[in-house]
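Which chain is which? The protein sequence lines are A and B, in order. Going letter by letter, the first sequence gives residues 123 to 588 in the numbering used here. Going letter by letter, the second sequence gives residues 26 to 291 in the numbering used here.
Errors might be hidden in some of the hints.
As the list claims (entries may be wrong) - Dumping the calculated EDC-like pairs for lysine to aspartate or glutamate here, alpha-carbon to alpha-carbon at most 16 Å:
hint, chain 1, residue 1, chain 2, residue 2
1, B, K189, A, D411
2, B, K179, A, D411
3, B, K181, A, D425
What the hints assert, rightly or not - Far from chain A by the CB rule (all over 12 Å, computed), these chain B residues:
hint, residue
4, G36
5, R58
6, P192
7, P209
8, V254
9, V256
10, G257
For the record, the hints were derived by calculation from the structure and aren't laboratory data. No residue lacks a Cβ here, since even glycine has one placed at the ideal position from N, Cα and C.
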Amino acid sequence: MNIILVGLSHKTAPVELRELLVVPDSRMGEALNRLMDHEGIREGMLLQTCNRVEVYAVVDHVEQGFSAIQEFFVDTHLSVSAEQLMPRLYCHAEDRAITHLFRVASSLDSLVVGEPQILRQVKDSFQEALTHNATGVILNKLIKKAISVAKRVRTETRIAENAVSVSYAAVELAKKVFSNLPSRTVMLVGAGEMAKLAARHLVNHGVHEVLLTTRDPVRAADMAARFNGTSIPFEDFRANMHRADIVLCSTGASHYLIGPEDVERAVRARWNQPIFLIDVSVPRNIDPDVRQVDNAFLFDIDDLESHIEQNREERRLEATRAESIVKDEVEVILKWIQSLKATPTIIALRKRADALKETELQKALSRLGTLTPEQQEVVEGLASGIVNKLLHGPLVALKSAAQSSNGFVYIEAARLFYDLGQSFPEQQSVNVENVRDETDVTVEGLPPASKEEPEQDGISRQASGL
Amino acid sequence: MTVAFLQLTLGLYFVGILLSLIYLLRRSEVLARVALAATCVGFAIHSVVLAVQVFSGEVGVTFHKALSFFSWSLILVFLLVVILQRLYVLGAFILPIAFLSLISTAVLPAETPVLQPMLRAVWVHVTLSMLGAVGFAVAFVAGVMYLMQERLLKSKQFNVLFFKLPPLDFLDTLNQRSMLLGFPLLTLGILTGAISAQVTLGSYVSWNPEQLWALVTWVFYFVVLMGRVTVGWRAKKAAYLTIVGFAGVLLTFLGVVLKGNGISVS
Numbered sequence: 123m124n125i126i127l128v129g130l131s132h133k134t135a136p137v138e139l140r141e142l143l144v145v146p147d148s149r150m151g152e153a154l155n156r157l158m159d160h161e162g163i164r165e166g167m168l169l170q171t172c173n174r175v176e177v178y179a180v181v182d183h184v185e186q187g188f189s190a191i192q193e194f195f196v197d198t199h200l201s202v203s204a205e206q207l208m209p210r211l212y213c214h215a216e217d218r219a220i221t222h223l224f225r226v227a228s229s230l231d232s233l234v235v236g237e238p239q240i241l242r243q244v245k246d247s248f249q250e251a252l253t254h255n256a257t258g259v260i261l262n263k264l265i266k267k268a269i270s271v272a273k274r275v276r277t278e279t280r281i282a283e284n285a286v287s288v289s290y291a292a293v294e295l296a297k298k299v300f301s302n303l304p305s306r307t308v309m310l311v312g313a314g315e316m317a318k319l320a321a322r323h324l325v326n327h328g329v330h331e332v333l334l335t336t337r338d339p340v341r342a343a344d345m346a347a348r349f350n351g352t353s354i355p356f357e358d359f360r361a362n363m364h365r366a367d368i369v370l371c372s373t374g375a376s377h378y379l380i381g382p383e384d385v386e387r388a389v390r391a392r393w394n395q396p397i398f399l400i401d402v403s404v405p406r407n408i409d410p411d412v413r414q415v416d417n418a419f420l421f422d423i424d425d426l427e428s429h430i431e432q433n434r435e436e437r438r439l440e441a442t443r444a445e446s447i448v449k450d451e452v453e454v455i456l457k458w459i460q461s462l463k464a465t466p467t468i469i470a471l472r473k474r475a476d477a478l479k480e481t482e483l484q485k486a487l488s489r490l491g492t493l494t495p496e497q498q499e500v501v502e503g504l505a506s507g508i509v510n511k512l513l514h515g516p517l518v519a520l521k522s523a524a525q526s527s528n529g530f531v532y533i534e535a536a537r538l539f540y541d542l543g544q545s546f547p548e549q550q551s552v553n554v555e556n557v558r559d560e561t562d563v564t565v566e567g568l569p570p571a572s573k574e575e576p577e578q579d580g581i582s583r584q585a586s587g588l
Numbered sequence: 026m027t028v029a030f031l032q033l034t035l036g037l038y039f040v041g042i043l044l045s046l047i048y049l050l051r052r053s054e055v056l057a058r059v060a061l062a063a064t065c066v067g068f069a070i071h072s073v074v075l076a077v078q079v080f081s082g083e084v085g086v087t088f089h090k091a092l093s094f095f096s097w098s099l100i101l102v103f104l105l106v107v108i109l110q111r112l113y114v115l116g117a118f119i120l121p122i123a124f125l126s127l128i129s130t131a132v133l134p135a136e137t138p139v140l141q142p143m144l145r146a147v148w149v150h151v152t153l154s155m156l157g158a159v160g161f162a163v164a165f166v167a168g169v170m171y172l173m174q175e176r177l178l179k180s181k182q183f184n185v186l187f188f189k190l191p192p193l194d195f196l197d198t199l200n201q202r203s204m205l206l207g208f209p210l211l212t213l214g215i216l217t218g219a220i221s222a223q224v225t226l227g228s229y230v231s232w233n234p235e236q237l238w239a240l241v242t243w244v245f246y247f248v249v250l251m252g253r254v255t256v257g258w259r260a261k262k263a264a265y266l267t268i269v270g271f272a273g274v275l276l277t278f279l280g281v282v283l284k285g286n287g288i289s290v291s
């Protein structure tokens, strides 16, 4: 029983190659079946995002597993050749594979460290694998753990807290002036890409109204349709500036389009309500003297960049803290995996039985007083006999379990029944859902065959495992 | 007994202030929670002390009791805002005012309460005036926070404090609402004060510093509010004006102290 990972990501392969390997949702079942058909693969999960395609699996033999999954990847797309693919693939086993999974789920391996989508993608992939019965005890536990680690990283560090893109920084700063974006109006001056992106962010945050103005009327109409906004003739935009709470400026003009007197007039017309101006154009389109105007807040591209740089620095610091959380958690899960091995369990069980027998025997002997050696032998024989007969079944079952694919279930059960110590303390931070899963022990410990509708949020009860 | 409780309250508020101030510069939510917990416990004890002061013991209104009530109400408002808005950062600004007013009851000389024939009217006068002062204190704090955040935004200092302070328009609204709450209360406070003065002393006004400053303050806030409604004195200007206005409130308090023998004689 080994945990392995084979995959490629934005760090090893270009998007042209990555996109070829992505399996469409509709064919996920088929792909997982194809994966599980390979010999020696006990459990499997396919994780795919726009930045990575990875297979996590529990296999009998590491090397055999690696080549099976490589084969799986090559078979995914006709135009992908082994020579093209092999140098791009990374293969990890055991603790390195687990560490990788935890880092991916916690968004430490992402293109933008701390981005929030990855956790949902991990959950979705897991759900997909559960639905197709591809995972088992080990992956279920492992992936649920990865999800809880990611949540822990999210709550205990500030890795996902601050904006790291210019357009998002604009939104973040706007929120420091206006608490309620949905009641605000944004004016887009010019049609520069960055300003459009920022406007898109603002619209996603529910900005009430979008006003647009560009020199080119065709473009203005097109953008008005895209943002569901109102187009204003370019000559009139200064006179209409007071209607906007946020002004986003990005044109190709080589001179200042907005001067302090324009802003002053707008602020006066707004009865001194603050106005927030963002100038992402280079050369700048808003006169820097606007900064002197009371209740007007001007940010140019450098201001936004410095804001982001601070956030990036912050994220780097937080990332190191997150890495140490991941390291701790990997150790916890490794202990659990260790406990699933048959031999230590058999030894522990024997030891426990012998110790119990010995104490009980001493108690009985001291109560019986002096016995003849024969009598003593009979009593001892009786005790050993009962212990051995009782243990015979479990021990045989455990030994055969070591050979079978779902033997961990018996081993885990034996540890539970005989109180041999659970070496996998569940994290307190794990949500209720996981706690419930923890108690959901099924006798076989395998996901039930019935394919219930997945729960809307999080992982369904099928993930019970152990 | 009351003194010991009062000291305990002061101690807890002090802890709350210290932690709130550290919280301003540190990225730890735990600090804010502990500060809040200390303040809550302090507030509970304060409530008991206040009840004992008001309902038993010596009869009559003293400035001590009034200040204790002012401090208590301010903390109450703070707790409400924090619970409703999760605005922990407010603690670093409001708690010191509440603390100073409470500790001044220990520092100021003990007064002999003046028994009043119209005790009830005096109570109403003091309660209303103090609640009005609470409104202005919150407006003051909102003004200070507004100016700080405005300064940080203008100078592009995206530091911890910048992230902790709420958005500008929130602070402006808080400023406006607390003034709109404080002003009618102060108006009623002054009216009831004048009526009780008429009954006890035979004249509505006696032009002592307390009354003078109270009137000046009232007129000032009236102008500020009117300016806000008619010519748009909001945002930065409103922040400055409420800070100045609160000085008037403090001078009125000082007038009471200088008068020496309590609020009751108007």
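Against the structure, the hints:
1. B:K189 - A:D411: 28 Å, violated
2. B:K179 - A:D411: 12 Å, holds
3. B:K181 - A:D425: Satisfied, since the Cα-Cα distance of roughly 7 Å is no more than 16 Å.
4. G36: At roughly 32 Å from the nearest Cβ of chain A, B:G36 sits farther out than 12 Å, so the non-interface label holds.
5. R58: Check passes; 14 Å lies beyond 12 Å.
6. P192: 4 Å, violated
7. P209: The claim holds: B:P209 sits with its nearest Cβ about 23 Å from chain A, beyond 12 Å.
8. V254: 10 Å, violated
9. V256: 8 Å, violated
10. G257: At about 3 Å from chain A, B:G257 fails to clear the 12 Å cut-off, so the statement is violated.
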